[in-house]
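So the sequence lines, in the order shown, correspond to chains A and B.
Here the first sequence is numbered in my numbering, starting from 1 and rising by one per residue.
Here the second sequence is numbered in my numbering, starting from 1 and rising by one per residue.
Read the hints as simulated data drawn from the structure, not as lab findings.
A portion of the hints provided could be inaccurate.
To be verified - To give a feel for the contact side, a few chain A residues facing chain B, derived at Cβ under 8 Å:
| id | residue |
| --- | --- |
| 1 | 232 |
| 2 | 259 |
| 3 | 276 |
Using N, Cα and C, we set each Cβ at its ideal position, and we do this for glycine too.
2 protein chains.
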Amino acid sequence: MVVMITLLSCARRLAVVVLVMLVCIATDARAQSDPLPSWNDGAAKQAILDFVARVTRDGGPDHVPTAARIAVFDNDGTLWAEQPVYVQAVFALDRIKALAPQHPEWKKTQPYKGVVEGDAKAIADTGEKGIAELLAVSHAGMTTEAFAKTVADWLATARHPRFRQSYDKLAYQPQIELLAYLRAHQFKTFIVSGGGVEFMRVFAETTYGIPPEQVVGSSGVVSFELGADGTPQLVKQPKIEFVDDGPGKPVGINRFIGRRPILAFGNSDGDHQMLQYVMAGPGARFAGIVHHTDSTREYAYDRSSKIGQLDKAWDEATAKGWTIVDMKRDWRKVFAFEP
Amino acid sequence: MVVMITLLSCARRLAVVVLVMLVCIATDARAQSDPLPSWNDGAAKQAILDFVARVTRDGGPDHVPTAARIAVFDNDGTLWAEQPVYVQAVFALDRIKALAPQHPEWKKTQPYKGVVEGDAKAIADTGEKGIAELLAVSHAGMTTEAFAKTVADWLATARHPRFRQSYDKLAYQPQIELLAYLRAHQFKTFIVSGGGVEFMRVFAETTYGIPPEQVVGSSGVVSFELGADGTPQLVKQPKIEFVDDGPGKPVGINRFIGRRPILAFGNSDGDHQMLQYVMAGPGARFAGIVHHTDSTREYAYDRSSKIGQLDKAWDEATAKGWTIVDMKRDWRKVFAFEP
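Model the full structure from these sequences, guided by the hints.
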């Protein structure tokens with residue numbers, strides 16, 4: 001009985017508390033600045049704000065329960081820069097160079113010789129087999145933990161050739177704000193990228209606030225082994241298991257997330273099927289494409305680019321009224337390090 | 001300036017609010033009953049309570065940040081009953097029977113004839129090829145959404161042969177409480193099971209409070225296709241892609257979760273490597289094994305069982321002092337439907 005009275009009394013106190021908090025939150029909301037300060041006012045920003053308002057409005061016709069607020073983002077070219085070459089490719093080449101002193105035989109063997117000498121043509125001449133070999137040597141033959149440390153050590157020292165910043169600084173400030181804005185509205189944010197899942201997990205949490213279990217990516221075979229002292233370990237094998245790109249993206253979403261997202265962001269034809277899949281579901285949906293139009297602050301490329309080609313997805317986006325983010329026009333700031 | 005004063009005033013009001021809330025929470029905690037009421041007091045329950053207290057104690061030597069509080073649970077035999085036969089196998093056989101009228105040729109073809117006639121020996125005689133065929137026919141050739149509906153419809157009507165309850169009622173009440181208790185202490189709870197991921201996701205959220213993106217399991221190949229009307233869809237193919245059992249469990253954990261859990265619960269040798277992997281990490285760790293010792297309320301089986309064999313993992317658990325939950329002794333109640 002005493003407990004019941006105490007609880008009832010607490011309930012009343014809580015009601016007051018909630019009222020006070022609501023007043024505070026309302027005041028705070030008015031006082032608060034723009035949740036997307038690095039986005040210029042315009043159609044793209046407005047489309048995002050409108051979509052989030054629609055799906056979060058309690059009792060509204062487009063309301064989406066919090067559990068179903070799944071948002072997926074491509075990484076390269078959507079969350080961070082992918083030019084002049086994918087960051088993970090730079091890592092792979094740097095890793096080969098770092099290992100070269102232990103492999104004198106590489107001085108005479110392609111594609112290693114080409115890597116050490118910076119001879120892109122010699123590497124390209126070895127074809128798919130050569131590239132697969134470079135990936136295997138740089139990404140396999142070690143435990144998953146040793147690989148994560150290798151990536152972290154590399155990220156701490158490597159610098160982008162043009163911007164002279166560590167690669168995690170090449171994350172787009174407007175997208176970091178967008179991810180935080182979505183999470184503040186009870187979205188669960190995922191990366192769905194063609195990049196290696198174990199590569200991205202090293203920086204996704206600190207750079208984007210996305211925990212390892214919300215990173216979906218390409219992966220190699222991993223085997224469970226007992227080490228010499230009986231310690232269980234996971235060892236990365238030189239064999240590709242899953243390519244999370246193009247039609248692989250909706251497959252990866254189904255495999256890892258198990259439900260259809262309501263918002264997807266990409267920047268290239270590698271994101272086309274993911275955007276199609278997300279838009280084909282029922283209810284309110286959002287598809288966004290980053291169009292790289294700013295050679296001054298970042299890069300300008302689309303239909304004919306070898307990296308991040310945007311052609312078919314652009315046509316469908318235009319035809320269907322998906323949101324195209326024009327980097328030059330829509331982003332007030334691209335990188336946090338800009339003056 | 002006005003905004004600043006408003007915010008300061010709010011900050012003061014919030015301090016009062018937080019104080020009031022803390023009093024309420026403290027009162028509530030005293031008033032609250034046992035968080036694990038279906039567990040008998042004993043070593044197993046105490047080990048769980050002690051572990052959670054250790055890893056959640058702020059500033060304590062074993063404190064684990066909330067993001068790293070990952071708990072993984074096997075499903076069959078750990079979260080719900082797996083006798084007299086795996087639930088998913090019952091589903092597969094029922095599905096074949098339901099499809100039989102559309103396949104008159106099955107009357108003369110094994111293993112289908114055996115399924116329709118309930119002739120287990122005839123099915124077994126077709127070997128792995130026959131079993132693979134049954135799995136393919138019952139689990140593939142349809143979209144992921146159609147499959148989920150098939151499972152949901154089946155679950156709504158199928159009944160366990162002994163308990164005459166729908167299969168979701170065969171979830172263990174003490175484990176449902178344990179999952180909720182862990183989540184209340186900021187653990188993220190995952191299923192890591194040999195069962196099919198798309199089968200489990202249908203009931204995991206309502207039965208265990210575990211959302212689809214936190215279910216790790218075996219999977220078949222899924223392909224992205226554009227339907228006749230151009231609608232994108234994911235179609236289940238008759239090919240196994242990943243078996244999340246034995247050494248596949250730590251591999252699945254690495255692939256889907258991307259960090260080593262600090263707590264794992266299993267019941268059979270299929271969970272052995274997962275338990276080893278979890279216990280091999282640094283800091284405080286917990287390994288639990290459900291030992292089926294209660295033929296009256298559930299089933300009693302271990303070393304020589306064809307389903308859920310517990311042999312090698314039991315030996316290691318005994319040698320290393322992992323927590324063995326004796327169902328008969330440690331669980332006050334097994335199923336919620338018990339009187």
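Hints versus structure:
no.	hint	verdict
1	232	holds, 5 Å
2	259	holds, 5 Å
3	276	holds, 5 Å
Checked against the numbered hints given earlier, the structure satisfies every one of them.
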